[in-house]
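Participant: Each chain, letter by letter, is given below.
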Amino acid sequence: MPVNAVGRELPERIGNYLVKPYQGTNALEPTSKKVVSNRVLTLRPASGSKVVDTLEQAIQATGLKNGMTISFHHSFREGDLVVGQVLTAIRNLGIKNLRFAPSAVVNIKNPSIVDFVRDGTITRIEASGIRGELGDAVIDGLMEEPVILRTHGARPRAIEAGELEIDVAFIGASAADEYGNATGQIGPNACGALGYSFIDVTTAGKVVIITDNMVDYPCVPASISQQYVDYVVVVEQIGIPEKIGAGATRMTRNPRDLMIAQRIADVIAASRLFKNNFSFQTGAGSISIACTNYLADRMEERGIKASFALGGITANIVEMFNKGLVRVLEGSQSFDAVAARAIAEHPNILEIDNAVYSNMYGKGCMLDKLNFGVLTALEIDVDFNLNILTGSSGEMMGGLGGGPDVASGADISIAALPIVRGRTPSVVNKVFTICTPGETVAMVVTEAGIALNPRHKHYEMLREDMEKTDLKIVSIESLRQLAESFTGKPKQIECTDKIVCIVEYRDGTVIDVIRQIKR
Amino acid sequence: MQLKHPAVAGTLESSDVQVTIHPNNGMGLDIRIESIVKAQFGDAILETVEEVLASFGIAEALVRINDKGALDWVIRARMQAAICRGADCSFDWKGEDA
Chain A
1 MPVNAVGREL
11 PERIGNYLVK
21 PYQGTNALEP
31 TSKKVVSNRV
41 LTLRPASGSK
51 VVDTLEQAIQ
61 ATGLKNGMTI
71 SFHHSFREGD
81 LVVGQVLTAI
91 RNLGIKNLRF
101 APSAVVNIKN
111 PSIVDFVRDG
121 TITRIEASGI
131 RGELGDAVID
141 GLMEEPVILR
151 THGARPRAIE
161 AGELEIDVAF
171 IGASAADEYG
181 NATGQIGPNA
191 CGALGYSFID
201 VTTAGKVVII
211 TDNMVDYPCV
221 PASISQQYVD
231 YVVVVEQIGI
241 PEKIGAGATR
251 MTRNPRDLMI
261 AQRIADVIAA
271 SRLFKNNFSF
281 QTGAGSISIA
291 CTNYLADRME
301 ERGIKASFAL
311 GGITANIVEM
321 FNKGLVRVLE
331 GSQSFDAVAA
341 RAIAEHPNIL
351 EIDNAVYSNM
361 YGKGCMLDKL
371 NFGVLTALEI
381 DVDFNLNILT
391 GSSGEMMGGL
401 GGGPDVASGA
411 DISIAALPIV
421 RGRTPSVVNK
431 VFTICTPGET
441 VAMVVTEAGI
451 ALNPRHKHYE
461 MLREDMEKTD
471 LKIVSIESLR
481 QLAESFTGKP
491 KQIECTDKIV
501 CIVEYRDGTV
511 IDVIRQIKR
Chain B
520 MQLKHPAVAG
530 TLESSDVQVT
540 IHPNNGMGLD
550 IRIESIVKAQ
560 FGDAILETVE
570 EVLASFGIAE
580 ALVRINDKGA
590 LDWVIRARMQ
600 AAICRGADCS
610 FDWKGEDA
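Heads up: the protein sequence lines correspond to chains A and B, in order.
The first sequence begins at 1 in this note's numbering and counts up one residue at a time.
The second sequence begins at 520 in this note's numbering and counts up one residue at a time.
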């Protein structure tokens, strides 16, 4: 069996999937070929309207057939009502064996995605993550075909490389007009940025907009342009506002998380890259949110202003913007209602295409210009590899998101995690699933100290900067030993030989696979 | 040592363990473990439970463990408390000073 650059044994083929082993970031797969797109020349509808009465009619009009590929965005998060309605309509039409390729699978219930797998509507899944009931079922061997998991940056690459051709994209929008101009920024069920759907809209064979808020032509703002849209369907409701992210994300009160967050801000402030016009991405985990606030304090103390904040935008980043601490917010996703509304209110708060955020094969992405990125993770190993997918008992805990992209793009990528959670050590010898290669992780910040990665490109610079502070620098091995002294040595999770998930890195190579858990 | 009646120690909070102990007269030891980390630590938990029972000389008991990811020291302490309550005895702290 071939072994990839992070030491994982991989088969040469998994079913029909030809494995390209991850070779390390110095050997990233070069690509130079025509962009693949399923978009077709289409004569405008004679009626001057693209509105179709029901989802069933729209699906029939798209020509969706057995075995095709459908896609969705995940911007309504746990409040999504679009995916369930569309899949139910597809099932009613008796269409089967579909490849389900949303930007991420949100944990929807009633109906659950598992139901559509069990009845054969869906037979393949490709996404950034498969949390919840579906994730647990997949890891227990639900599907014949392995699920392909891709980072946010890897998905547009795979689409444009022709590895994931989308036949029909179903795009939920909180406002749309009869000709298909659409947005997520306004309306009762606004979700903010629709940055994950742009690649689908511009490359899918057919595009269907689904809204519960039809507005007068032309819909302004128009995140999605009419020129890409085939049909518009009005449904009763596209999302549950409380679950889309109604209020501002709350600040954690967990003292350990606050301590880690404060240390991250200290680390950033101690770096020589912390100067006017620096850039950052902190994310939306509880440590990340707290860290953003501490970072704002450090910036105010030192009179330093940032050029841009990137990725998923939260209320407290908007607050920094309002204080004049950040010049531009480049958001591919809005994590709460404050961030969602802010795009329409300020010209310097932008909704950006996920591809320009994270796709390294798009002639350069914004991550290339990022100074500091904070990465949350479930586990880190002594080689600094991160696991952001699987829990210690072999359960699906999350999605890849943009973490691996941020790690490789940012100058200084900072992994943040407590050394133990409950009785589970999170600094280990070998993580269960490698998602982010250790060579791209500059350091890890924990409650028990900070470890720098000697293999990182900026190690010397970081070491010099940190030595000038009183921050406690330790070795990652000592963090691992300390964690194990608290928890004891966990028994290895046993797996069968069946591969249930393939984890693709941002260049389309395979960084790891997940095998079915032996129960 | 003999257990006189059923007793409980601990809570179902995250990182805690709830130990319920019953006299099991004439039927030896019966240890039932539920744990969110059973796959990784089930054997270690059983070992600790048996060790604490032995240290009190208890040979007959029905012990139910409902573990929410407690560290070993916590399991040990909850076991000791449950035994002392079930046997109506106070904990002998002398051993702890050694």
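Quick caveat, the hints were computed from the structure, so don't treat them as lab data.
Incorrect hints may appear among the rest.
Below, in silico cross-link-like pairs of lysine-lysine (BS3-like), each with a Cα-Cα straight-line distance of 27 Å or less [said to hold, decoys possible]: (1) B:LYS587 / A:LYS491; (2) B:LYS557 / A:LYS518; (3) A:LYS430 / A:LYS457.
Across the chosen pairs, the derived CB separations fall in these ranges [said to hold, decoys possible]: (4) B:SER574 / A:VAL474: 31 to 39 Å; (5) B:GLU569 / A:PRO11: 37 to 45 Å; (6) A:ARG256 / B:GLU615: 23 to 31 Å.
We treat Cβ as the ideally placed atom computed from N, Cα and C, and that holds for glycine.
Participant: Find the hints from earlier in the document that the structure breaks and name them by number, from lowest to highest.
Facilitator: none
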